[in-house]
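Q: Here are the chains, one letter per residue:
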Amino acid sequence: MKKLTFLLAVVLLFCVSGFAQQYKTREGNIYFNPNKNQQSKEYAALSKEATAILKVETSEVALLVPMKSFHFNNALLEEHFNENYLHTNKFPNGTFKGKLIGFSKSMLEKDGEYKFSSEGTVELHGVTKPFKAPVVLTVKNKVATFYCSFKIKAEDFNIEIPDLVKPKLAAETPLEATIPFKLN
Amino acid sequence: MKKLLILLVAGISLSQLAVAQDDLLGELEKEDSAIVKENITAATFKSTRVINMHSVEMTGLHNMQFMIIHHFGALWDNNENFGGNMGRLFGMNSGIANTYMSFDYTPAKWLNLGLAFAGNGALEGTAKFKLMRQQTGQKNYPVSIAWVSTMNYNTSKKVTAPNDFEPNKFTFMNQLLIARKISEKFSLQLNPSWVHYNVVPYGYNHSNEVFSIGAGGRFKITNKEAITFEYSRQLNMYKDITDKTGEVITYAPDLISLGFDWDTGGHVFQFFFSNSYHASNIYQLSANTKKDNFGQWCMGFNLNRSYSMKKTVAVH
Numbered sequence: 002m003k004k005l006t007f008l009l010a011v012v013l014l015f016c017v018s019g020f021a022q023q024y025k026t027r028e029g030n031i032y033f034n035p036n037k038n039q040q041s042k043e044y045a046a047l048s049k050e051a052t053a054i055l056k057v058e059t060s061e062v063a064l065l066v067p068m069k070s071f072h073f074n075n076a077l078l079e080e081h082f083n084e085n086y087l088h089t090n091k092f093p094n095g096t097f098k099g100k101l102i103g104f105s106k107s108m109l110e111k112d113g114e115y116k117f118s119s120e121g122t123v124e125l126h127g128v129t130k131p132f133k134a135p136v137v138l139t140v141k142n143k144v145a146t147f148y149c150s151f152k153i154k155a156e157d158f159n160i161e162i163p164d165l166v167k168p169k170l171a172a173e174t175p176l177e178a179t180i181p182f183k184l185n
Numbered sequence: 028m029k030k031l032l033i034l035l036v037a038g039i040s041l042s043q044l045a046v047a048q049d050d051l052l053g054e055l056e057k058e059d060s061a062i063v064k065e066n067i068t069a070a071t072f073k074s075t076r077v078i079n080m081h082s083v084e085m086t087g088l089h090n091m092q093f094m095i096i097h098h099f100g101a102l103w104d105n106n107e108n109f110g111g112n113m114g115r116l117f118g119m120n121s122g123i124a125n126t127y128m129s130f131d132y133t134p135a136k137w138l139n140l141g142l143a144f145a146g147n148g149a150l151e152g153t154a155k156f157k158l159m160r161q162q163t164g165q166k167n168y169p170v171s172i173a174w175v176s177t178m179n180y181n182t183s184k185k186v187t188a189p190n191d192f193e194p195n196k197f198t199f200m201n202q203l204l205i206a207r208k209i210s211e212k213f214s215l216q217l218n219p220s221w222v223h224y225n226v227v228p229y230g231y232n233h234s235n236e237v238f239s240i241g242a243g244g245r246f247k248i249t250n251k252e253a254i255t256f257e258y259s260r261q262l263n264m265y266k267d268i269t270d271k272t273g274e275v276i277t278y279a280p281d282l283i284s285l286g287f288d289w290d291t292g293g294h295v296f297q298f299f300f301s302n303s304y305h306a307s308n309i310y311q312l313s314a315n316t317k318k319d320n321f322g323q324w325c326m327g328f329n330l331n332r333s334y335s336m337k338k339t340v341a342v343h
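Chains as they are written, first to last, in the numbering used here: chain A, 2 to 185; chain P, 28 to 343.
Certain hints may be false.
For lysine to aspartate or glutamate, the following EDC-like pairs were computed, each having C-alpha atoms within a straight-line distance of at most 20 Å [claimed, not checked]:
(1) LYS338/P x GLU156/A
(2) LYS152/A x GLU173/A
(3) LYS271/P x GLU236/P
(4) LYS25/A x GLU211/P
(5) LYS212/P x GLU80/A
(6) LYS212/P x GLU28/A
(7) LYS56/A x ASP59/P
(8) LYS64/P x GLU80/A
(9) LYS57/P x GLU84/A
(10) LYS338/P x GLU43/A
(11) LYS338/P x GLU50/A
(12) LYS208/P x GLU84/A
(13) LYS64/P x GLU28/A
(14) LYS141/A x ASP112/A
(15) LYS49/A x GLU211/P
(16) LYS136/P x GLU80/A
(17) LYS130/A x ASP112/A
(18) LYS337/P x ASP157/A
(19) LYS49/A x GLU58/P
(20) LYS143/A x GLU43/A
(21) LYS141/A x GLU43/A
(22) LYS100/A x GLU80/A
(23) LYS169/A x GLU124/A
(24) LYS100/A x GLU177/A
(25) LYS143/A x ASP112/A
(26) LYS251/P x GLU50/A
(27) LYS91/A x GLU156/A
(28) LYS91/A x GLU173/A
(29) LYS157/P x ASP164/A
(30) LYS91/A x GLU274/P
(31) LYS91/A x GLU211/P
Far from chain A, some chain P residues (derived; all Cβ distances over 10 Å) [said to hold, decoys possible]:
(32) GLY87
(33) GLU107
(34) PHE192
(35) PHE199
(36) GLU252
(37) TYR258
(38) TYR265
(39) PRO280
(40) LEU285
Hints in this document: simulated from the structure, not taken from any laboratory.
We put the beta carbon where it would ideally sit given N, CA and C, even for glycine.
Using the sequences and the hints, build the whole thing.
A: The following block contains the structure:
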């Protein structure tokens, strides 16, 4: 009986680690266009190096993007982004951690489009703020792509926009995150 | 005993779950800090010119830069009365303005090509090569190094009179630029230069080569404003030079400039006082005339604007 209990204990332990199924990606894309005139892509930036983890059983998700991986069309603007606005030497990463509300493991098992929401905290430029936004999950060809479109206010994160530049920018900067996970 | 064992197993499994929950972001952060990154020093200078001299900075990749460098006349004319000098507006309204207008483009990260109108009928072509970028992390380089090659073509036939020989119209300059961003606020650059004249007036000890060594730097006052300085010393070909008319001149071997940078967001505005009126580096470094006092210095400014030529950010 003792042997059985011991065996049960070992199996249980294995099951627990097995439950902690995680998906990781290093190819998350984050795009933002701060221009007041959204038709113009003059000030738009794109990072293709966001990393993310999804823990399936608990619907928890974490995301990290190196701020220096945001590239702009205009080199001078990229320099200002790093040196004057986001101070990327001091705050090298932007992060998000939270939960997917309404997500279930079964979604990953069948191709299709699923809508739910995410809730958590965002840390940017040294400031942590609560975050909530709708998410669209597309599962196709063994890839689960999470798409989230949201807006942030630069002032909320102590990002100083000089008065000469303010009239050209939208009051809230729209961002789009596209995070693909390979399903094995 | 059995109960204790079950409790123990349950406890361990639950604690495993708890630890894993908090550490999702921690795991990403640990992986991110494990990667040895390239920390390339950015913005050693805010412009591709320190003041008159080229800086190690290059216009961004696939970006085209339009630049105007303007030198006005003397700040104060000693032959004029007070009213006349006020009207001259410290050289800005003196009738003398040497303008240098250039377009340059960076087709590759290490190469910048430019074409300029250098004033007084001269055209210049420049090539700037980025040889080393100051960085820490994956590789450690203490300085940024660049090389600038300039070819000046004087379209005026008066330069080559009386025989109008085309090669006489060319003059070349090569400079090695070595700079270090010493701190967030202070950058320093060394620039040894070599000017080659295809033709020089006949004179004893005259040489076609003019060498000089210089230094420049900037102190950042705020994120947008900085104080800049430049000093170059000509090493030869300035004393008792016979010019084409037979007259003997001594040039001033010291080239000094003091400036103020203002970054307005879209472009960098560089304002300066200099002891040379010439718009082109070639004449600044080889034919700078002597100034007796600060009143004979001039005011000038650089304006630049860059445009991206290629869309690197995909249109959504």
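Q: Hint by hint, say whether it matches the structure.
A: Results for each hint:
{"no.": "1", "hint": "LYS338/P x GLU156/A", "in the structure": "violated, 29 Å"}
{"no.": "2", "hint": "LYS152/A x GLU173/A", "in the structure": "holds, 6 Å"}
{"no.": "3", "hint": "LYS271/P x GLU236/P", "in the structure": "holds, 17 Å"}
{"no.": "4", "hint": "LYS25/A x GLU211/P", "in the structure": "violated, 37 Å"}
{"no.": "5", "hint": "LYS212/P x GLU80/A", "in the structure": "holds, 15 Å"}
{"no.": "6", "hint": "LYS212/P x GLU28/A", "in the structure": "violated, 35 Å"}
{"no.": "7", "hint": "LYS56/A x ASP59/P", "in the structure": "holds, 19 Å"}
{"no.": "8", "hint": "LYS64/P x GLU80/A", "in the structure": "holds, 18 Å"}
{"no.": "9", "hint": "LYS57/P x GLU84/A", "in the structure": "violated, 25 Å"}
{"no.": "10", "hint": "LYS338/P x GLU43/A", "in the structure": "holds, 9 Å"}
{"no.": "11", "hint": "LYS338/P x GLU50/A", "in the structure": "holds, 19 Å"}
{"no.": "12", "hint": "LYS208/P x GLU84/A", "in the structure": "holds, 14 Å"}
{"no.": "13", "hint": "LYS64/P x GLU28/A", "in the structure": "holds, 17 Å"}
{"no.": "14", "hint": "LYS141/A x ASP112/A", "in the structure": "holds, 5 Å"}
{"no.": "15", "hint": "LYS49/A x GLU211/P", "in the structure": "violated, 28 Å"}
{"no.": "16", "hint": "LYS136/P x GLU80/A", "in the structure": "holds, 15 Å"}
{"no.": "17", "hint": "LYS130/A x ASP112/A", "in the structure": "violated, 34 Å"}
{"no.": "18", "hint": "LYS337/P x ASP157/A", "in the structure": "violated, 33 Å"}
{"no.": "19", "hint": "LYS49/A x GLU58/P", "in the structure": "holds, 17 Å"}
{"no.": "20", "hint": "LYS143/A x GLU43/A", "in the structure": "violated, 35 Å"}
{"no.": "21", "hint": "LYS141/A x GLU43/A", "in the structure": "violated, 33 Å"}
{"no.": "22", "hint": "LYS100/A x GLU80/A", "in the structure": "violated, 34 Å"}
{"no.": "23", "hint": "LYS169/A x GLU124/A", "in the structure": "violated, 25 Å"}
{"no.": "24", "hint": "LYS100/A x GLU177/A", "in the structure": "holds, 18 Å"}
{"no.": "25", "hint": "LYS143/A x ASP112/A", "in the structure": "holds, 8 Å"}
{"no.": "26", "hint": "LYS251/P x GLU50/A", "in the structure": "violated, 30 Å"}
{"no.": "27", "hint": "LYS91/A x GLU156/A", "in the structure": "holds, 18 Å"}
{"no.": "28", "hint": "LYS91/A x GLU173/A", "in the structure": "violated, 24 Å"}
{"no.": "29", "hint": "LYS157/P x ASP164/A", "in the structure": "violated, 35 Å"}
{"no.": "30", "hint": "LYS91/A x GLU274/P", "in the structure": "violated, 61 Å"}
{"no.": "31", "hint": "LYS91/A x GLU211/P", "in the structure": "holds, 12 Å"}
{"no.": "32", "hint": "GLY87", "in the structure": "violated, 2 Å"}
{"no.": "33", "hint": "GLU107", "in the structure": "holds, 38 Å"}
{"no.": "34", "hint": "PHE192", "in the structure": "holds, 42 Å"}
{"no.": "35", "hint": "PHE199", "in the structure": "holds, 29 Å"}
{"no.": "36", "hint": "GLU252", "in the structure": "holds, 12 Å"}
{"no.": "37", "hint": "TYR258", "in the structure": "holds, 27 Å"}
{"no.": "38", "hint": "TYR265", "in the structure": "holds, 38 Å"}
{"no.": "39", "hint": "PRO280", "in the structure": "holds, 36 Å"}
{"no.": "40", "hint": "LEU285", "in the structure": "holds, 24 Å"}
When the structure is compared with the earlier hints, violations turn up for hints 1, 4, 6, 9, 15, 17, 18, 20, 21, 22, 23, 26, 28, 29, 30 and 32 and for no others.
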